[in-house]
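In order, the protein sequence lines correspond to chains A and B. Quick note, this note's numbering runs 1008 ahead of the 1-based positions in the first sequence. Quick note, this note's numbering runs 175 ahead of the 1-based positions in the second sequence.
Any given hint might turn out to be false.
[As the list claims (entries may be wrong)] Facing chain A, from chain B, some residues (calculated, C-beta under 7 Å):
(1) Glu195
(2) Tyr236
(3) Val454
(4) Ile470
(5) Thr501
[Said to hold, decoys possible] These stretches of chain B come out as covered by chain A in the derived footprint (C-beta under 8 Å, 3 or more residues):
(6) 322-335
(7) 352-360
Think of the hints as simulated: they come from the structure by calculation, not from any bench. Remember, predicted model here, so these are calculated numbers, not experimental data. Quick reminder that beta carbons are idealized off the backbone N, C-alpha and C, glycines included.
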Amino acid sequence: MRIEEKFGELRGKKERALIGFVIAGDPTPEDTIDIVGAMIRGGVDIIELGLPFSDPIADGPTIQKAGERSLKAGMNSDVFFELVKKIEGIPKVCLTYYNLVLRRGLDEFARDCSRSGIDGLIVPDLPIEEAGPLLKACRRHKVNLIFLVAQTTTEERLQRILKDSSGFLYVVSLLGVTGVRDHISSGLKPLLERIKQISDEIPLAVGFGISKEEHVSEAIEAGADAVIVGSAFVRIIEENIGDREKMLKGLRYFSRRLKKATQNVRCRT
Amino acid sequence: MELPDKRGRFEEYGGRFAPEVLMPALEKLEKAFNEYWKNTGFRQELEYYLKEFAGRPTPLYYAKNLSEKADGARIYLKREDLVHGGAHKLNNTLGQALLARNMGKKRIIAETGAGQHGVATAIAASALGMECEVYMGTEDIERQKLNVFRMELMGGKVIPVSSGSCTLKDAINEAMRDWLTNVETTYYLIGSIVGPHPYPMIVREMQRVIGRETRKQFLEKEGSLPDAVVACVGGGSNAIGIFYEFLQDNVELIGVEAGGRGIETGEHGATLCAGTDGVLHGTYSKLLQDEYGQIKTSYSISAGLDYPGVGPELSYLLRKGRIRVTPVRDKEALEAFKLLSRSEGIIPALESSHAVYHAVKMAEDMGRDQTIIVNLSGRGDKDVFTVAKALGVKL
């Protein structure tokens, strides 16, 4: 399923999208299928899978540790694409760092995304200025290259990013790295409004620091079309590594609660 | 054409591979640097600090005893070990701290491996009245206790980093994360010619003073140019600092990397010798990585050379054939450490000892009429515990 179709479907139901992120292969590649299954059952609309990098500068300690667990359990780009193929019935997005893409080859990486049903690619250390070659490869293989914007993003850069964006726009809700926080930033609403003035076509997905229903509601009230929840899911995995059933149940339950907060919202348009 | 170009590229190397949150800050930094670097007042103030506070110019010393031992080319030492703080690092930290102050930032963060850059940052921050926090891997804290204490004495706060390999690359990761979080109030003072553009350019410009002095001093002493200039390479700041002024000359430029336990063992820090192209810490350069692009853990007896990346400009100069690189192993560096200490009464940093070793080897195959300059980038007081341990001496 494609990202665009999913957003269309949700619009019809007057819902916002819940995007769930986990590191593929955490704690082991075998676990990922069941973990994602539990999240889908709980109501996650789009699954974002992290292909871990040894030096993830945009991530906080929770996701870095998950990456280390996954790498230790044998994760690499080959294993990743094989694993992702087995996940079906939901739009899939890959998040990884640029060096892993470069090392495989830009065209090969985009091709393998496409072959394993990945519809979107997020590369947090690849700004628009350096993205030309990968953008080309992604277009060739019909994969959406998804960019990030932040409160610090200037008007000029925002224009440029929106011009090349597809799939959805990843709106960073705060300054800093990924991780669980108490509140979401008050700067989010003005940022979302700033983006909508330039383009109201692309779905806006808010991420970084979103870890509970209140955050989801806050983000949606501020104008988000989707929320991305990562560290909070990863934490459930981390806390239940010895107890698979509890882990899966925890993921299902947490997904359901978050999903609820994206439903029955008053529609903007 | 002057490199880097507008995109921060040294042909294909370099660039700006940074998270979106940092991009505007990097643009601002580039603009501020370009303005202040042309500003006479700024340059005069920096020169004042370099002269009166850091102790520049440093001597270019003819190492007579060492040269006699080598029985070949005459060896000169550029005494960056005599810069205040004990290494060339202060050239850069003074300049960047001054830039940070002019940009209105009150807080400086830095990463450090050997601790030399951390110490130099703490010195500059203290001298200029700024707040300073230094990220340092727990492995390096253990190896460089003395420098940790020195930083603290001067008001620097050392923040231990226990992720990944607990060394320099992890300290850079953490410093970048801090900067991501506090980008509006904080200046990230990178210590080598690595990181996203404009850092490789800024740090090079701050370190070029080494080569400018060296070239002039050598011409005064010998009336000609040297045959070779040798410098150790971790990230590459002391190397580019001394090489840059000789790029257009007929002078051989040699970068010496950490051979560790030998390239063949995989335990080394010889990125230029054995690395492949990729992106780490915001720049496209040579890296130590596996077939999937995961960064390998580097190794060296000297913390300052223990880094799996290298400055993009050195990758470029290597590809152009303008510099040559070679690895020197732990054991050989230790040998040079002892040799220079005993023959000249100068205890070199373990990092610089790598360059000394290679220079002596080269000198042995050259004639008396030939000359080699070694960038003695730091002094070895910080390394005496490591060396004693390696030699089986109990202190």
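Looking back at the numbered hints, which does the structure fail to meet, lowest number first? Checked against the structure, the hints that fail are numbers 2, 5 and 6, while the rest are satisfied.
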